[in-house]
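Enquirer: Chains A and B supply the protein sequences, listed in that same order. Take the first sequence: its letter number 78 is residue 77 in numbering that gives the first Met the number 0, and every next letter is one higher. Take the second sequence: its letter number 277 is residue 276 in numbering that gives the first Met the number 0, and every next letter is one higher.
Derived from the structure by calculation, the hints contain no laboratory data. Careful, some of the hints might be misleading.
What the hints assert, rightly or not - Okay, derived cross-link-like pairs now, DSSO-like style, lysine-lysine, Cα gap no bigger than 27 Å in a straight line:
id, chain 1, residue 1, chain 2, residue 2
1, B, Lys109, A, Lys79
2, A, Lys79, B, Lys148
3, B, Lys242, A, Lys79
Listed below, chain by chain, are the residues.
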Amino acid sequence: MDGTPRLGHGFRFQWEPAQSCHVLLYPEGMIRLNRSAGEILARCDGSRDIAAIVAELEQAFASSGLRPEVEAFVAMAVGKRWLRLDAPTP
Amino acid sequence: MNAPATPAAHIGPPMWLLAEVTYRCPLHCVFCYNPVDFARYEEELSTDDWLRVLREGRELGAVQCGFSGGEPLLRNDLEVLIAEARRLGYYTNLITSGVGLTEARLDAFKAAGLDHIQLSFQDSSKEINDFLTHTRTFELKQRVGEMIKARGWPMVMNVVIHRLNIEHIGRIIEMADQLGAEYLELANAQYYSWALLNRDQLMPSREQLRRAEAVTDEWKARLAERMRILFVVPDYHEGKPKKCMNGWGNVFLTVTPDGTALPCHTARMLPGLDFPNVREHGLRHIWFESEGFNHYRGTGWMKEPCASCDDKENDYGGCRCQAYLLAADPDAADPVCPKSPHHAQVAAAIEQADTAAPSTKPLIFRDPKESRRLCGES
Ligand code: SF4
Ligand code: SF4
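Bound conformation, chain A alone (with noise of 0.2 Å):
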């Protein structure tokens, strides 16, 4: 999977103090979010593709081998138009 991520139509993504998580908003309501969904999305604004999302992501959390779990995750919100993805410029 290759791309470019950003929020999907009409959804909004928010650190909400009263519920100490980040969530998703959207007209019908709300998605909480756990911390590791809050992380990505905070990276897909459409200015990072998922490359540069997991290298962000793997320095902030001096970990490696993060792909997977990205992509699994880009694939699913996706899925549920969360996000959008803008094709690779070639």
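Assemble the complex: chain A is given as a structure, and chain B with the ligands must be docked to it using the hints.
Expert: Chain B with the ligands in isolation, oriented as in the chain A frame:
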């Protein structure tokens, strides 16, 4: 301090703040959900009152804010309220008929950060006919729809379905598609307020409903990804009480144009309950402590058949307003439930819709004059 019926520790925060900013409306829908005596409540909250309500709701933890009415566009401070709601971190929703919406106003809403617009289709008989015959109304909605999409909002439509338009449902879907709608909610009329006054004329037969659902399913398959369609079945016909408002005082906090805070926009009709006003109390007190919000929370207030029913945690006994309207007892099981001793009334209404000749009673259109007549002031 009075000990509330349920300790505040067990009550979660509201998720939704619904700001009914005005009862004024240029339209006269026969199914209007505003109270029939809305003309009593003319004194609207000021801009500052609303700004405070928004702040307090957000402090309580509400994340969704809906602006509705009446027609919310008639408040000329709407953009100020939206901007503040957005700044506070709400997801902001506007529910409008689009009547009176201009490019400039929409630009102001965009600048204010409005997240979402739902365009509703009103005035059953006349407007739907206009719409179906491709006249003025279609053009209005088309223009408004284009303006909405041009600014990057999804195009979301809501149409109230009832006997006078249900036969045209395929055409309604087709035209929604022509307007570029991405979501379409086909909501069967709920029989409160004005719709209850007009129930004989508005309630479809079972056969009509069945056909409408079948037609909707065909369209769903055909349009698949292009437009998502939601068909909301009326609870009368489903024979299943709905979990009204997702539980009393559980998710929704409605503030009416005059500042009365309600667990549901129709709850004001219930007798013997005192609903607090935001002019006198903060939202925290209103949500956690007030008698109006605590009265029907949970299941402790129930009587039979609900009290010993296995479903009571699922539907909380259905709708309190419907119990009051049909069983004259707000503590009763929702008469839509087959276990209700008053269910015969619902069954009779359905039976009548199935068999009776079309009602010749004139429709009662929602307007301030009718409202004053209905509250006996004239
Ligand atoms: S239902 Fe119709 S009349 Fe009632 S507030 Fe909405 S647009 Fe106005
Ligand atoms: S008896 Fe009461 S709780 Fe049980 S299904 Fe009917 S309305 Fe719901």
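Enquirer: Provide an ascending list of the numbers of those earlier hints which the structure does not satisfy.
Expert: none
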